[in-house]
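Asker: Just so you know, the protein sequences line up as chains A and B, in that order.
Numbered according to the numbering used here, the first sequence spans residues 1 to 319.
Numbered according to the numbering used here, the second sequence spans residues 1 to 306.
Treat the hints with caution; some may be incorrect.
[To be verified] Per the computed footprint, the stretches of chain B lying under chain A, defined by three or more beta-carbons under 8 Å from a beta-carbon of chain A, are:
1. 8-22
2. 38-47
3. 217-228
Just so you know, these hints were derived from the structure itself, not from any lab.
The structure displayed is predicted, hence computed values, not measured ones.
The beta carbon of each residue, even a glycine, is placed where N, CA and C say it ideally should be.
Here's the letter readout for the chains.
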Amino acid sequence: MTARSCAAFAFALGLATLPLPVAAETLRVALVLPGPISDGTFNSAAHKGIEAAKAKYGIEVSIRENTDFAQITEALTAYAREGYDVIIGHGFQFAEPVLEIHADYPRTWFIVNTAQVSAEPNVASFDNRWGDAGYIAGAVAGLVTQKGIVGHIGGIPVPVIEDYNAGFARGAARVKPDVKVLSAYVGSFSDIAKGAEITTSLIEQGADVVTSTGNENVVGTIQAATQAGVMAIGTAFDSHAFAPDTIVTTALINMDVNIDMAIGKVIDGSILPQAYVLGLNENGIGLAPFRGRFEAMMDADKRAVIDAVLADVAAGKTP
Amino acid sequence: MDWIVITGLLASGVRFAMPILFAALGETVGQRAGVLNVGLEGIMLVGAFLAVVVAMQTGTPWGGLAAAIAGGTAMGLLHGVFCVRLKVDQIVAGIALILLGLGLSGFGYRLVTAGGAPGQVPGFQRLNLGPLSDLPFLGPVLFSHPAPVYLGLACAVALAWGLSRTGIGLGIRAVGENPKAADAAGIDVDRVRMAACAFGGAMAGVGGAFLSTAQLAGFVENMVSGRGFIAIACVVFARWNPLGAVAVALAFGIAEAAQIRLQTLYPGVPYQAFVLLPYVLALVGLVSAARTVHLPSALARPYRKD
Numbered sequence: 001m002t003a004r005s006c007a008a009f010a011f012a013l014g015l016a017t018l019p020l021p022v023a024a025e026t027l028r029v030a031l032v033l034p035g036p037i038s039d040g041t042f043n044s045a046a047h048k049g050i051e052a053a054k055a056k057y058g059i060e061v062s063i064r065e066n067t068d069f070a071q072i073t074e075a076l077t078a079y080a081r082e083g084y085d086v087i088i089g090h091g092f093q094f095a096e097p098v099l100e101i102h103a104d105y106p107r108t109w110f111i112v113n114t115a116q117v118s119a120e121p122n123v124a125s126f127d128n129r130w131g132d133a134g135y136i137a138g139a140v141a142g143l144v145t146q147k148g149i150v151g152h153i154g155g156i157p158v159p160v161i162e163d164y165n166a167g168f169a170r171g172a173a174r175v176k177p178d179v180k181v182l183s184a185y186v187g188s189f190s191d192i193a194k195g196a197e198i199t200t201s202l203i204e205q206g207a208d209v210v211t212s213t214g215n216e217n218v219v220g221t222i223q224a225a226t227q228a229g230v231m232a233i234g235t236a237f238d239s240h241a242f243a244p245d246t247i248v249t250t251a252l253i254n255m256d257v258n259i260d261m262a263i264g265k266v267i268d269g270s271i272l273p274q275a276y277v278l279g280l281n282e283n284g285i286g287l288a289p290f291r292g293r294f295e296a297m298m299d300a301d302k303r304a305v306i307d308a309v310l311a312d313v314a315a316g317k318t319p
Numbered sequence: 001m002d003w004i005v006i007t008g009l010l011a012s013g014v015r016f017a018m019p020i021l022f023a024a025l026g027e028t029v030g031q032r033a034g035v036l037n038v039g040l041e042g043i044m045l046v047g048a049f050l051a052v053v054v055a056m057q058t059g060t061p062w063g064g065l066a067a068a069i070a071g072g073t074a075m076g077l078l079h080g081v082f083c084v085r086l087k088v089d090q091i092v093a094g095i096a097l098i099l100l101g102l103g104l105s106g107f108g109y110r111l112v113t114a115g116g117a118p119g120q121v122p123g124f125q126r127l128n129l130g131p132l133s134d135l136p137f138l139g140p141v142l143f144s145h146p147a148p149v150y151l152g153l154a155c156a157v158a159l160a161w162g163l164s165r166t167g168i169g170l171g172i173r174a175v176g177e178n179p180k181a182a183d184a185a186g187i188d189v190d191r192v193r194m195a196a197c198a199f200g201g202a203m204a205g206v207g208g209a210f211l212s213t214a215q216l217a218g219f220v221e222n223m224v225s226g227r228g229f230i231a232i233a234c235v236v237f238a239r240w241n242p243l244g245a246v247a248v249a250l251a252f253g254i255a256e257a258a259q260i261r262l263q264t265l266y267p268g269v270p271y272q273a274f275v276l277l278p279y280v281l282a283l284v285g286l287v288s289a290a291r292t293v294h295l296p297s298a299l300a301r302p303y304r305k306d
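Throw the hints in and build the complete structure from the sequences for me.
Answerer: Okay, structure coming up:
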């Protein structure tokens with residue numbers, strides 16, 4: 001035996017006696033995202049949630065970004081085959097592929113975020129009350145508008161965005177019955193230029209408070225509102241720092257709470273194959289504080305209206 | 001529709017048209033020289049990304065514009081190395097550029113922002129030309145745009161003149177029509193084509209910079225959203241004429257601005273019908289142009305000396 005092969009043998013022996021990485025003990029969680037984690041809203045929220053859960057529960061996390069609809073099934077099965085304990089699909093479009101494959105991987109929990117589906121034995125979903133968030137945003141918009149015209153700009157009319165849109169109109173009408181609510185869709189989640197131009201067109205039609213749902217297109221709305229000097233209401237992610245003089249407040253949709261709750265429930269074994277819907281009471285949605293010049297704008301009367309709206313939303317009494 | 005809506009529509013149409021126009025002008029020169037670059041989308045993304053990052057670093061959008069030109073030129077030259085020097089299939093090389101641009105800009109942006117929120121981007125402001133900008137209707141439509149809009153229009157005029165009236169223009173057209181004859185006349189075909197590639201890349205970079213620092217002020221991944229492809233359609237629709245490209249880009253931009261406004265005017269019609277409108281226009285244009293069109297004869301054909 002030469003010196004070199006001797007050394008190689010000793011090295012191999014050393015490796016063999018080292019303890020194996022303890023894979024079985026740590027929960028392995030895969031998060032499959034439709035867009036990039038840097039979008040500043042829908043996907044960023046999920047990323048923030050999984051990072052927090054990683055620190056809180058000491059889990060092993062794998063993230064896959066920019067997953068096209070056509071790639072979803074393949075991405076899910078790849079993780080399931082690797083034996084991941086929890087696979088989270090972030091978006092309603094994951095529901096169908098999950099229902100197709102879940103029975104083949106009974107040891108894995110499939111979680112669909114922002115959808116309402118479930119299947120025995122291993123599919124659960126977590127959704128937020130987007131309609132309620134829209135309702136709250138609408139009420140705020142109705143309170144602060146001076147011209148009585150408000151607008152919502154959606155990315156693509158997927159169910160949660162349509163819920164928000166409908167809620168926004170009802171919320172605005174509740175506090176200001178003669179309000180005019182404009183609504184338009186970008187037809188894309190990533191085209192921020194079009195998002196900005198659509199917002200500009202609504203502002204030209206008289207809207208002085210705008211809100212937007214989607215992914216990156218939301219950035220376009222906030223920029224257009226800032227440039228035109230009108231007010232905007234953020235959605236999902238607290239966007240105050242982005243444009244402090246423009247963002248009245250944010251109708252929070254705490255998608256990170258969904259992820260935390262899903263992983264917590266898997267860990268303590270309390271998860272059931274059902275659709276969990278998180279509203280104001282479960283901290284699934286919320287309202288960010290009024291800051292800067294908007295703190296002064298919200299006088300006692302307006303705050304009383306907002307408190308009444310929030311109380312009704314919490315009680316499930318939104319017409 | 002009242003005047004305010006129409007004024008807003010035309011002004012918005014100009015803003016929509018500009019990124020497409022810049023890329024289309026560069027591509028016109030490239031295609032006239034016989035090099036097809038389907039990778040404009042990727043170059044525009046890199047331009048948009050560099051413009052934002054360097055504008056933030058230098059504090060001026062002009063710094064960003066310069067960086068976008070440099071980055072676009074580099075990517076154009078890369079396309080040239082593959083297509084002109086190595087004689088690779090031009091479509092394949094172009095598709096590689098799209099993916100490269102998508103990856104570079106997305107990854108680079110994350111490196112720079114490190115996941116945090118980006119700061120304020122100093123974008124191009126809309127010019128205030130005094131009494132001209134205050135004119136009713138004409139002011140907002142013609143005289144209240146950011147400076148690069150006027151540079152783009154000047155560029156189109158200069159290119160139209162340069163391609164048809166100068167020796168350099170003749171050389172460019174010669175290597176695109178009949179490279180063998182051009183070679184015999186003493187023109188270095190590959191060199192002219194490399195220069196055309198570099199110019200095309202630089203202009204696509206400017207188009208991206210316009211999107212991220214003049215129309216908007218910020219970058220997001222994949223923000224070009226297909227405008228690079230529309231630019232290629234624009235070149236063909238305009239029959240390789242720079243002034244035609246202005247008209248086509250404006251038509252497309254105004255159609256885009258119109259569909260946005262029609263959506264809110266007719267809430268009963270599914271919004272997809274309106275979103276389709278500009279693309280239908282592009283298709284109709286291509287089909288109607290297809291019959292009478294005269295392609296540069298050596299387009300997408302590498303030139304090999306015998």
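Asker: Compare the structure with each hint and give your call.
Answerer: The hints, checked one at a time:
1. 8-22: holds (count 6)
2. 38-47: The restraint on the stretch 38-47 of chain B is violated, since only 0 of its residues have a Cβ under 8 Å from chain A and three are required.
3. 217-228: Coverage by chain A holds here, the residue count being 7 at a Cβ distance below 8 Å.
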